[in-house]
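So the protein sequences, as listed, match chains A and B. Residue numbers for the first sequence follow this note's numbering, so the first one is 65 and each next one is one higher. Residue numbers for the second sequence follow this note's numbering, so the first one is 65 and each next one is one higher.
These are computed hints drawn from the structure, not numbers from a lab.
All copies of an identical chain are treated as equivalent in the list; a pair is satisfied when it fits inside any one copy or across any two copies.
No more than 20 Å apart at the CA atoms, straight line, and that leaves these computed lysine to aspartate or glutamate pairs for EDC-like:
{"hint": "1", "residue 1": "K170", "residue 2": "D152"}
{"hint": "2", "residue 1": "K225", "residue 2": "E344"}
{"hint": "3", "residue 1": "K201", "residue 2": "D92"}
{"hint": "4", "residue 1": "K170", "residue 2": "D148"}
{"hint": "5", "residue 1": "K201", "residue 2": "E191"}
{"hint": "6", "residue 1": "K170", "residue 2": "D294"}
Predicted, not measured: the structure shown is a model, and the values here were computed from it.
In case you want the letters, here they are:
Number of protein chains: 2
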Amino acid sequence: MKLEDIYFRMRRDIKEIEKEISMTIATDQKVLHQASHQLFKAGGKRIRPVFVLLAGHFGNYQFDKLKKVAAALEIIHMATLVHDDVIDDADKRRGKLTVKAQWDNKVAMYTGDYLLAKFLQLITELENPEIHKILSKILVSIVEGEIDQIKDFNNWEQSLKQYLRRIKRKTAILLAVSTQLGAIASDAETKVVRYLYQYGYNVGMAFQIIDDVLDYTGTTAQLGKPAGSDLSQGNITLPALYAVHCSDERDQLLELIKNDQISEKIDQVVACIKRSDGIEYSKRLAQRYIIKAQEALEKLPNIKEKETLFEISEFIAKRTY
Amino acid sequence: MKLEDIYFRMRRDIKEIEKEISMTIATDQKVLHQASHQLFKAGGKRIRPVFVLLAGHFGNYQFDKLKKVAAALEIIHMATLVHDDVIDDADKRRGKLTVKAQWDNKVAMYTGDYLLAKFLQLITELENPEIHKILSKILVSIVEGEIDQIKDFNNWEQSLKQYLRRIKRKTAILLAVSTQLGAIASDAETKVVRYLYQYGYNVGMAFQIIDDVLDYTGTTAQLGKPAGSDLSQGNITLPALYAVHCSDERDQLLELIKNDQISEKIDQVVACIKRSDGIEYSKRLAQRYIIKAQEALEKLPNIKEKETLFEISEFIAKRTY
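Chain A on its own, in the form it takes in the complex (with noise of 0.2 Å):
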């Protein structure tokens, strides 16, 4: 099966899912509902919803409950989002021009702000205490990893743990609570609960580790924006951490970043990257959590979201864009 059939036998139920997102951070404030808007027609993949509904089938499947838990995850998802395209000084996402780039800093600012606050209000519509203390905590530990990341930019003595610790709170962590909490709202067993977790986090490790290869290995057409970008940013992800750390190409890599003015021999440093094996490395890590995944899938009663979820781990571990 393909990821666009998988989208299709679900989007029905997704649609009803972006009418309550829509609904949901509607507001009088003319540059709120714009930017807001603005973000959410960015769209992207939904992957959270997905998460969310294909969980639910693993409980007592209550369409209305699910649509709220998914609608909040992608409202924090977007308010992160807006957040970070100021911290990257982002122009452009999905090929779209972000918030910060048509209106500025402090409207992005207040967007996430806003979101936030919309999230907050969506949650308390669901009246579970369980599912409140779980969403609070993963915001803190969202932001917790967003003020790393600052603290890690440019910083080529940090440790693959601190990688590994950044990309989680960055990008894993939402998903596994995704399909935690379509568990939980659906009432599902305790140990239904935890694998689903487990599927989510490791799934969610190996999409952000991959997304990192790509930045290395995507074409400008691909990407929407020229290789090494990341890196060009300050951001030092894995591949660039191998390479330095654990390759031949140490000493050269040293001495290409010496004064910091990486930006300006990006091609040579993406270069001296790709000649370690900083890529093979970094795909053979990602493909070492989806087996996790998909370990943690095996656990799982065998109705046909299992397989579907199993389907989406296989298109993470080798998809190319």
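Since the structure of chain A is already known, use the hints to place chain B on it.
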């Protein structure tokens, strides 16, 4: 009774609330910890906690519940302050360096996000859906108000109504909700809750109007910044709006501001606004809000905290710093 006496009498409970805030915002992430504690220590009058506690006496006073409500409101307030400092480009607040000055705008942004996340985490402990709903709703209002404030920057055409709506969201709502939630958390009667809300709201409106007046009439020593600072930054408050819309100074003022280089002529602009009746008009309007607050108070049962709330309203009407 003096304001100091009120604080002295409540000092133990306020200390406990401060401890709750400090524990809530503690984190291993060094920058977030330092930045949020710096903000916390800059302190201020803790007027929201004071309102929560005083209102709590109109019902079944349970300090443990009130403590969490008060801490949550103070944390929301801190989050909006740190984001405001980014908008206002403010280097100092209450004589201390702001987060954006000591670190930078990005740290200030994430410190605000972090505080909002912690706020959310704190209110999940309250397990009272009514309180959740009120708190999530005001957060939306506050953010909408902040973006309105940006929109209204340097807008001399704005109406009195726009100004009032803005200060409602900037200041009055949070004070209104402080007395309201203090009463709700103590299971006070519906009517009592309503009157306490009205008291907080009207005192809040008066407080902000007086604050805006003091920006014109205070000395640099009193304000910690030169008179007319709001205006220099483009924040057009009531005295200026009165001068341009309702006074004989209109033509001269329009001449002074016509090329938008206000900060260069700030002394002349301030003098012109002072010559209009703008300061007196604003004070009269503040006084009207104080009277409304006191009318709401009159309908409340005669307990000693009613007297205290009366004293606070009197103080706010007359304050000169």
